[in-house]
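Trainee: Sequence lines, in order, name chains L and V.
Each residue of the first sequence is one higher than the one before, starting from 844 at the first, in this note's numbering.
Each residue of the second sequence is one higher than the one before, starting from 844 at the first, in this note's numbering.
Since the hints were derived computationally from the structure, they do not count as laboratory data.
By construction, the Cβ of each residue, glycine as well, lies at the ideal position given by its N, Cα and C atoms.
Mixed in with the good hints, there may be bad ones.
Said to hold, decoys possible - Below are the DSSO-like pairs computed for lysine-lysine, each with C-alpha atoms no more than 30 Å apart in a straight line: (1) K949/V to K889/V; (2) K949/V to K929/L; (3) K949/L to K889/L; (4) K929/V to K889/L; (5) K949/L to K949/V.
Stated by the list, open to error - Some chain L residues flagged as far from chain V (calculated, every beta-carbon gap over 12 Å): (6) L853; (7) R871; (8) Q872; (9) G909; (10) T930; (11) T950; (12) D982; (13) S987; (14) P998; (15) G1000; (16) F1001; (17) S1003; (18) T1014; (19) S1028.
What the hints assert, rightly or not - Computed spacing ranges between beta-carbons, pair by pair: (20) P896/V to P896/L: 27 to 37 Å; (21) K949/V to P934/L: 47 to 57 Å; (22) D869/V to S987/L: 46 to 56 Å; (23) G928/V to P946/L: 33 to 43 Å; (24) R893/L to P850/V: 46 to 56 Å; (25) N1045/L to E1013/V: 19 to 29 Å; (26) Q985/L to D869/V: 42 to 52 Å; (27) P850/V to P934/L: 47 to 57 Å; (28) P934/L to D869/V: 26 to 36 Å.
There are 2 protein chains.
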Amino acid sequence: MTSLFHPILLESFATIDREIGPHSFDDRQYAIVRRAIHATADFEFKEAIRFSPGAISSGIDALRRGAPAIADVTMVKQGVAGLLGKTFNNPLLAAVDRFQQAPPGKTRTEAGILECFAEHPEGIFVIGNAPTALLALCDAIQRSDRRPALIVGAPVGFVSVVESKQVLAETDVPQIRIDGRKGGSPVAAAILNALIVLAWQNNGQINDEG
Amino acid sequence: MTSLFHPILLESFATIDREIGPHSFDDRQYAIVRRAIHATADFEFKEAIRFSPGAISSGIDALRRGAPAIADVTMVKQGVAGLLGKTFNNPLLAAVDRFQQAPPGKTRTEAGILECFAEHPEGIFVIGNAPTALLALCDAIQRSDRRPALIVGAPVGFVSVVESKQVLAETDVPQIRIDGRKGGSPVAAAILNALIVLAWQNNGQINDEG
């Protein structure tokens, strides 16, 4: 599907291929890592990314069956809207849009993500900003017998971020995670965009590695 | 104006203050650097940021007089819409929204930014993604006697990005720039958001350093 790749994107990928050095990612994992590095020009994501067993296949499967994609913030939603619209056209929500005002004791994204999980427990959750949303989501999952198809866990920052990723790591949910303080909307969007390309390129053929 | 700062933001700033180490930024420059680091958890922006003389004052002045803010992409626009809406409420445009299809030989952001410069040559231009837009803007400026109040030059990536920043550096336009490959929508939005806070905090008092 070369139509999903602008020539500038391919030229950028070639530069990353030359500079990335030794790694042990499989082809599908590498497609995701490369797109995260492309979005940030930051090769540290090579070290910080984590894939749970089966996460890529579960995400691809969910995209193909039309599962909703739920972003924490509008910047993540904006970052995937273009490619999702050109391909599977799954419903796309931003948790933060659910509440105009934060309910007492919660952030807007936290309250919004809980509502989205209640409505779409088997959706694809993409967290690029708000550790409070990721913590609330993990807590709701622990009290539920439903599981998201995939969580992309890539909040960024200095407060509760590292902790929220540790909590996610301890769940049994299929996940692609950026450990440490780094992350962000472009990284979260890049991970889902790479997954959309993988799902679209080999539409109908799923294999199980990754 | 403590209402512009969420407690989590203040806690993050305190962490950055403890970890940033020696630097020679003045107070206004540091407020901008700190917010860029907050958005990315990446202390490299301390080394990569450049302020042209008078850039901060020119940007503050433009915000206060209601100059339009023109983002290259919607992610940047989304990243500043909240704070701008709560404060000066300047018109906010995204260049990429101007064209549904790229005109021959141009990218959508490139064509859009040229149209925005023709309409608002003294606006605040905030480039967080597209080096083609920054190059086209610099070229149009060279052929014009009008000047933007400020360019935030923070495209990210591997193709034409470093070059576009070098071209910007050679113009006489007030600018806050991220040299090198790094940058991105959150960084560009963070720089403008920090500037909005500076302009709002001391509304009515402009001084000239920075």
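Trainee: Look at each hint and say if it fits the structure.
Mentor: Structure-based check of all given hints:
1. Between K949/V and K889/V, the direct Cα distance comes to roughly 33 Å. Violation of the 30 Å bound is thereby established for this hinted pair.
2. A hinted pair counts as satisfied when its Cα atoms are at most 30 Å apart, and K949/V with K929/L qualifies at roughly 20 Å.
3. With a C-alpha separation of about 33 Å, the suggested pairing of K949/L with K889/L is violated against the 30 Å cut-off.
4. For the proposed pair K929/V and K889/L, the alpha carbon gap of about 38 Å is over 30 Å, so the pair is violated.
5. Simply put, K949/L and K949/V have alpha-carbon atoms about 45 Å apart, too far for the 30 Å limit, and the pair is violated.
6. Annotated as non-interface, L853/L brings its C-beta within 12 Å of a C-beta of chain V; the closest such distance is 10 Å.
7. The Cβ of R871/L lies farther than 12 Å from every Cβ of chain V, with a closest approach of about 22 Å, so its non-interface assignment holds.
8. With 12 Å as the threshold on Cβ separation, the claim that Q872/L sits away from chain V holds: the shortest Cβ distance comes to roughly 20 Å.
9. Even its closest Cβ contact with chain V, about 24 Å, leaves G909/L beyond 12 Å, as expected for a residue assigned away from the interface.
10. For T930/L, the requirement that its beta carbon stay farther than 12 Å from each beta carbon of chain V is met, with the minimum near 18 Å.
11. Once the 12 Å rule is applied to beta carbons, T950/L is inconsistent with being away from chain V; the minimum gap is 9 Å.
12. Under the 12 Å C-beta cut-off, the non-interface status given to D982/L relative to chain V holds; the minimum distance is some 18 Å.
13. Non-interface call for S987/L relative to chain V: holds, since the shortest CB-CB distance, roughly 27 Å, exceeds 12 Å.
14. For P998/L, the shortest C-beta to C-beta distance to chain V comes to about 10 Å, within the 12 Å cut-off, and the non-interface label is violated.
15. The Cβ of G1000/L sits about 6 Å from the closest Cβ of chain V, inside the 12 Å cut-off, so the non-interface label is violated.
16. The beta carbon of F1001/L sits about 4 Å from the closest Cβ of chain V, which is not more than 12 Å, so the claim that it is off the interface is violated.
17. Non-interface status of S1003/L relative to chain V is broken: a Cβ of that chain comes within 12 Å, the nearest being about 8 Å off.
18. Interface exclusion of T1014/L from chain V stands, the closest Cβ pair being 23 Å apart, more than 12 Å.
19. Against chain V, the non-interface label of S1028/L is violated: not every CB pair exceeds 12 Å, the least being about 6 Å.
20. Separation of P896/V from P896/L is about 55 Å and departs from the stated range, judged on CB atoms against 27 to 37 Å.
21. A C-beta distance of roughly 33 Å is found between K949/V and P934/L, which places it outside the suggested range of 47 to 57 Å.
22. Look at D869/V against S987/L: about 51 Å separates their beta carbons, and that is inside 46 to 56 Å.
23. At roughly 21 Å, the beta carbons of G928/V and P946/L sit outside the given window of 33 to 43 Å.
24. The supplied range of 46 to 56 Å is broken by R893/L and P850/V, whose beta-carbon atoms lie about 30 Å from each other.
25. Restraint check, N1045/L to E1013/V: a C-beta distance of roughly 46 Å breaks the suggested window 19 to 29 Å.
26. In this structure the hint that Q985/L and D869/V lie 42 to 52 Å apart at CB holds, the actual value being about 48 Å.
27. Distance hint for P850/V and P934/L: a CB-CB separation of about 34 Å, inconsistent with the stated range 47 to 57 Å.
28. The hinted window of 26 to 36 Å between P934/L and D869/V is violated, with their beta carbons roughly 48 Å apart.
Hint violations for this structure: numbers 1, 3, 4, 5, 6, 11, 14, 15, 16, 17, 19, 20, 21, 23, 24, 25, 27 and 28, all remaining hints satisfied.
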